[in-house]
Amino acid sequence: MSALLEVEGLRTHFLTRAGVVKAVDDVSLALERGKVLGLVGESGSGKSVTGYSIMGLVDPPGRIVAGSIRLEGKELTTLDREAWRRLRGNRVSMIFQDPMMTLNPVLRIDTQMVEAVLAHSSMSRASALERCREALARVGIASPDERLTAYPHHFSGGMRQRVAIAIALINRPALVIADEPTTALDVTIQGQILFEMQRLCSESGAGLVWITHDLSVVAGLADTVCVMYAGRIVESGPVDEILDGPMHPYTRGLLESIPSRNVPGRPLAQIPGMTPSLAALDAGCAFRERCSRAREDCRIAPATTRPGPARTLRCVHPLP
Amino acid sequence: MNAAATPLMEMRRISKRFGERPHGRFARALRIRPVPAVHALDDVSLAVNDGEVVGLVGESGCGKSTLGRIVARIADPSEGERFWKGRPYSAVDARAERLAVQMIFQDPYASLNPRMRVAEIVGEAPVVHGLVRRAERDDYVAQVLARVGMDASLMRRFPHQFSGGQRSRIGIARALAVRPAFLVCDEAVAALDVSIQAQVLNLFIKLREELGLAYLFISHDLGVIRHLSDRVVVMYLGRIVESAPKEEIYARPNHPYTEALVMEVPRIDARRRRYVPIRGEIPSPLAPPAGCHFHPRCPKAFARCREEAPRLREIAPGHLSACHLNDGPP
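Protein chains in written order, with the working numbering: chain A, 6 to 325; chain B, -10 to 319.
If you are wondering where the hints come from, they were derived from the structure by calculation, not from laboratory data.
One or more of the hints may lead you astray.
25 Å max Cα-Cα, derived SDA-like pairs, lysine to any residue [claimed, not checked]:
#1 Lys195/B to Cys296/A
#2 Lys289/B to Glu261/A
#3 Lys27/A to Arg197/B
#4 Lys235/B to Gly270/A
#5 Lys27/A to Cys296/A
#6 Lys235/B to Thr317/A
#7 Lys195/B to Ser265/A
#8 Lys195/B to Glu261/A
#9 Lys235/B to Pro269/A
#10 Lys195/B to Gly278/A
#11 Lys27/A to Glu13/A
#12 Lys195/B to Gly270/A
#13 Lys40/A to Val254/B
#14 Lys195/B to Met279/A
#15 Lys40/A to Asn267/A
#16 Lys195/B to Leu260/A
#17 Lys27/A to Lys195/B
#18 Lys289/B to Gly270/A
#19 Lys40/A to Ala259/B
#20 Lys27/A to Ala259/B
#21 Lys195/B to Pro264/A
#22 Lys195/B to Asn267/A
#23 Lys195/B to Thr317/A
#24 Lys74/B to Arg197/B
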């Protein structure tokens, strides 16, 4: 049995007037059914564009210039518009950071949910509505009947995100891509959403790609982690190995800058400098300007090595 | 509160209501109905001592930002009194003292005028208030920028030419330029990436050591609060539910809400955990529940919690909590 999702050598570039922005530059990852992959990076690292590429949502001037994306063995990069339309919202779906991006503010919840069902299967409106009711109940919305006739602005942020999740899961997708869905939510609501996502994915056997900047969320949720920096995956592997024994200096830097990992009141270990502009990158390691271990040979593009059976690393001078 | 000396800043029984309409003769003549007011703050008292860092935690809508703005004089309370070094705010008139409380905002872009250069943003207030002469402004701005780790050569630039972390530093420099003793930081690092957030938090720690500043550090992030604060104050729906020294509140949270907050924070060492959420959502401040505001979500609530609002009282030295369970189980 092949993996659920296999991405190989994906390059998504934005051809702008200022030059080619290599937002995603040679990214490879794989995900099994029922597993959670955490895609971690800071702003501008290309983690969201990776998600959009898998969903076929890259708009000009962006373009997938190389690589392959296979879902259940089927190549996605060569699909036409109609094939994508049948796939999206059905076999693959996405949850966004801001649920108002997925919900139409002038349509009632039932209209939007029924539309998502009928777009992919032929059934009566009544049975579609029944499915919507079940979907809302599944994500923990009380009295779904009343909620179905409400408008998005009647809901709180956390409830809206639940509705967006219900719509994403309504056609029982094989793959769900979640782009920072809890970042805008309060701690107690974030806990509730994480709980629901964890339960829904293990119940339905869907694979989940969780895109986030927050390593602590990944720690609680993911099976494997990919750390992105400036368009590349610099390190990936099982969550315990990455968080307990990071080999890339950037991963360690990220882990050490989390306040709760440090002695309170003492200065935090910090990564100097800031993320480089993606338009001005050369072939070498993009992190070398901020890295204390950088040497002359970091100017050459570091190849991906396999330091462990399930790990990858892109660093010439890894941590021991 | 428990300090022997006069606190640097003290808020006594502060309430703040928004959306109150006048209901006098005029309003009646115009048939303006009194609208329900949002109780943003309900009888809140808070003191910060000289050089102390108080962390204020809570979720959206709990009133933490409103309290911060009242402390920083950006808003006025509906009821209650504010004191600076033991004197009421209204009686503090020396300019230097009025400038002593400064605020740092969450979004460093929205709080910087996009049409002003850094030298004007940072240098305007000290010149207007006569702290430096206009001719010496640029030298002074250079000093302040150096303090926040920025190069003086950047002062001719506009805010849009900077990254998020640098904009934060400009916001901090602007506050420091009038030589405050006390900073109110409202979600000052929430919008920053982890590696940049660490840099700015380190800057706050350095400034505290160098200048002896006191902070009211408002955040929803318990990790950040734990790192920076001496004392932690937890708010829920307009009331303070718990207040304790930092180590105490993380080791022995007393209020069920604090307990839930401490439990639900995602942590690096908690792998593939089963999330056990607290039920429900934060109720609307337009119609807060009777009794203890937390009772509809509280796993330990009993009859009394639905009727009577618990008072904040000392349960251990320096540890205050507002929960009926401290009077013994039902």
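Verification of the hints:
A threshold of 25 Å between alpha carbons decides the hint, and for Lys195/B with Cys296/A the separation of about 23 Å falls inside it, so the pair holds. For the hint pairing Lys289/B with Glu261/A, the CA-to-CA distance comes to about 37 Å; that exceeds 25 Å, so the pair is violated. Distance restraint check for Lys27/A and Arg197/B: the Cα-Cα separation of roughly 41 Å exceeds the 25 Å cut-off, and the hinted pair is therefore not satisfied. Of the pairs offered as hints, the one joining Lys235/B and Gly270/A holds, with about 11 Å between alpha carbons and a cut-off of 25 Å not exceeded.
A threshold of 25 Å between alpha carbons decides the hint, and for Lys27/A with Cys296/A the separation of about 21 Å falls inside it, so the pair holds. Among the hinted pairs, Lys235/B with Thr317/A is inconsistent with the structure: their alpha-carbon atoms are about 40 Å apart, more than 25 Å. A hinted pair counts as satisfied when its Cα atoms are at most 25 Å apart, and Lys195/B with Ser265/A qualifies at roughly 18 Å. This hinted pair checks out: Lys195/B and Glu261/A have alpha carbons roughly 18 Å apart, not beyond 25 Å.
Taken as a hint, the Lys235/B and Pro269/A pair is honoured in the structure, with Cα atoms around 10 Å apart against an allowance of 25 Å. With a C-alpha separation of about 18 Å, the suggested pairing of Lys195/B with Gly278/A holds against the 25 Å cut-off. Proposed proximity of Lys27/A and Glu13/A is supported: the alpha carbons are some 16 Å apart, at most 25 Å. Straight-line distance between C-alpha atoms of Lys195/B and Gly270/A comes to about 10 Å, which keeps the hinted pair within the 25 Å bound.
Between Lys40/A and Val254/B the alpha-carbon distance is near 22 Å, which keeps this suggested pair within the 25 Å criterion. With a C-alpha separation of about 20 Å, the suggested pair Lys195/B and Met279/A falls inside the 25 Å cut-off, and the hint holds. For the suggested pair Lys40/A and Asn267/A, the alpha carbons sit about 30 Å apart, so the restraint of at most 25 Å is broken. The suggested pairing of Lys195/B with Leu260/A holds, with an alpha-carbon distance near 21 Å, which does not exceed 25 Å.
For the suggested pair Lys27/A and Lys195/B, the alpha carbons sit about 37 Å apart, so the restraint of at most 25 Å is broken. Of the supplied pair hints, the one linking Lys289/B and Gly270/A is violated, its CA atoms being roughly 34 Å apart against a limit of 25 Å. Of the supplied pair hints, the one linking Lys40/A and Ala259/B holds, its CA atoms being roughly 17 Å apart against a limit of 25 Å. Taking the CA atoms of Lys27/A and Ala259/B, the gap is about 35 Å. The hint is violated against a cut of 25 Å.
For the hint pairing Lys195/B with Pro264/A, the CA-to-CA distance comes to about 15 Å; that is within 25 Å, so the pair holds. Proposed proximity of Lys195/B and Asn267/A is supported: the alpha carbons are some 16 Å apart, at most 25 Å. The hinted pair formed by Lys195/B and Thr317/A fails the criterion: a straight-line CA distance of about 38 Å is larger than 25 Å. The straight-line distance between the Cα atoms of Lys74/B and Arg197/B is roughly 19 Å, inside the 25 Å bound, and the hint therefore holds.
When the structure is compared with the earlier hints, violations turn up for hints 2, 3, 6, 15, 17, 18, 20 and 23 and for no others.
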